[in-house]
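Protein chains: 2
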Amino acid sequence: MPSSDSASLKPMTARGEATRQRILGAAEEAFGKSGFFRASISDITRGAGVAQGTFYLYFQNKEEVLGELVRHMGRELRRMLTHSIPQDLSRLEAEREGIAAFMRFVSQRQNLYRVVQESLFVDEQIYRDYYMDFARGYISALEKSVEKSEIRDGNLEVWVWILMGVGHFLGLRYGLWAENGLGDAELDAVMDFIRNGIARPADRD
Amino acid sequence: MPSSDSASLKPMTARGEATRQRILGAAEEAFGKSGFFRASISDITRGAGVAQGTFYLYFQNKEEVLGELVRHMGRELRRMLTHSIPQDLSRLEAEREGIAAFMRFVSQRQNLYRVVQESLFVDEQIYRDYYMDFARGYISALEKSVEKSEIRDGNLEVWVWILMGVGHFLGLRYGLWAENGLGDAELDAVMDFIRNGIARPADRD
DNA sequence: CTGAAACATGCATCACTAGTCACCTTTGCC
DNA sequence: GGCAAAGGTGACTAGTGATGCATGTTTCAG
Numbered sequence: 077m078p079s080s081d082s083a084s085l086k087p088m089t090a091r092g093e094a095t096r097q098r099i100l101g102a103a104e105e106a107f108g109k110s111g112f113f114r115a116s117i118s119d120i121t122r123g124a125g126v127a128q129g130t131f132y133l134y135f136q137n138k139e140e141v142l143g144e145l146v147r148h149m150g151r152e153l154r155r156m157l158t159h160s161i162p163q164d165l166s167r168l169e170a171e172r173e174g175i176a177a178f179m180r181f182v183s184q185r186q187n188l189y190r191v192v193q194e195s196l197f198v199d200e201q202i203y204r205d206y207y208m209d210f211a212r213g214y215i216s217a218l219e220k221s222v223e224k225s226e227i228r229d230g231n232l233e234v235w236v237w238i239l240m241g242v243g244h245f246l247g248l249r250y251g252l253w254a255e256n257g258l259g260d261a262e263l264d265a266v267m268d269f270i271r272n273g274i275a276r277p278a279d280r281d
Numbered sequence: 077m078p079s080s081d082s083a084s085l086k087p088m089t090a091r092g093e094a095t096r097q098r099i100l101g102a103a104e105e106a107f108g109k110s111g112f113f114r115a116s117i118s119d120i121t122r123g124a125g126v127a128q129g130t131f132y133l134y135f136q137n138k139e140e141v142l143g144e145l146v147r148h149m150g151r152e153l154r155r156m157l158t159h160s161i162p163q164d165l166s167r168l169e170a171e172r173e174g175i176a177a178f179m180r181f182v183s184q185r186q187n188l189y190r191v192v193q194e195s196l197f198v199d200e201q202i203y204r205d206y207y208m209d210f211a212r213g214y215i216s217a218l219e220k221s222v223e224k225s226e227i228r229d230g231n232l233e234v235w236v237w238i239l240m241g242v243g244h245f246l247g248l249r250y251g252l253w254a255e256n257g258l259g260d261a262e263l264d265a266v267m268d269f270i271r272n273g274i275a276r277p278a279d280r281d
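Chain order of the listed sequences is A and B.
In this text, residue positions in the first sequence follow the numbering used here: the first is 77, and each later residue adds one.
In this text, residue positions in the second sequence follow the numbering used here: the first is 77, and each later residue adds one.
You may find that some hints are simply not true.
Pairs count within a copy or across copies, as identical chains cannot be separated in the list.
To be verified - Calculated lysine to any residue pairs in the SDA-like style (CA-CA distance at most 20 Å, straight line):
id, residue 1, residue 2
1, LYS220, LEU165
2, LYS138, GLN201
3, LYS138, GLU105
4, LYS109, GLU139
5, LYS109, TRP253
6, LYS224, SER116
7, LYS138, ARG114
8, LYS224, GLN128
Note that these hints are calculated values from the structure, not bench results.
All values derive from a computational prediction rather than experimental measurement.
Let the hints inform the model, and build the full structure from the sequences given.
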């Protein structure tokens, strides 16, 4: 028994997988454009070019599709960051590359990013998992950097949530709302903040 | 002519205002608990203790209620911050007080905060207006602080979006998801980041 | 070539909700 | 006390959308 517990109807063996992917793609588009709740199953199946019933061959409901999309974004983003950030960079350099890569990702996959954000209002657990997972990896990366003295020490958990918040709002403001994403000058300003904070040099401690 | 343009049916003169407020309160609760889309008009009117039709005496639809709630949160938050932050504080001190006050606000009015966040998926303009307005005031406050040399200079617009992102994620992580809000030690860690950044003292510039 | 498993269809059912409206109640001014 | 305006009601209409299912179609091993 393949321990299918609550894990719906995922099994399949060929073209089925392709159909499933087309449904996921159409859902990403529909959710991104209309929002999760306004998008209907029939919008999705129409977009995928399949009949309504076909949807239920692969998913129990819309929520399940959303969860899948959010996890997909998590994997894609990690993969992307891994590939965009050379191993030999110092933490601050890596941070800059990471933010730049993230911003490109959001600009290019606006629908998917919106879907992730909306998951907070569909199933909070999906959203929490997404960020808790990301935070876990981020914290251990910072820990290593502290050990190598590439950055100073501090409450890394809090700092990571701060950094994720920074990324999120930059993604919103410059990835979704700006024509041309985040420019180099602006990225400089971001890094200036992250490196040095806002206190005058004389007031730092 | 009272230039009622698109401004629905707001006029009233006595107990009507009280009813309208009860509807807004019930909507805040319903939206916060179930989400905007899952909450029905009849959920709201039931919560307010009025008949369904009464809703349409004061609002055209759910969206309008949401807009009202978001603008309400904006006003309340500003008022709160104004009252919580003594005038004679330096910018860094004010920043600390502001974050602490914001965190208390989110913890106490979780439903309202959720409503504001969900507005992004109901009517993006409402959400943008909320943050664009907030950013405007925040930027000019920072400009004044720069003039007084309380903080160093930089790209204040970018910094403000960073700071709002920080606030938002702290609100999420510690205001909505943590039992006890943001502790003093954690607030210290936040201020440490905002003051000094994460670079080692030797690497600062 | 053939039959069974996997895939796919699309319509019918069922539940639910936004918004309307004809009618009733309260308020307060004369 | 009478009456008009403001406030309030709740059943009803029209529409939408999720989901079930009986009925095809495709694929491919033997």
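| query | Going back to the hint list, which numbers does this structure go against? | reply | Violated hints: 6, 8; rest satisfied.
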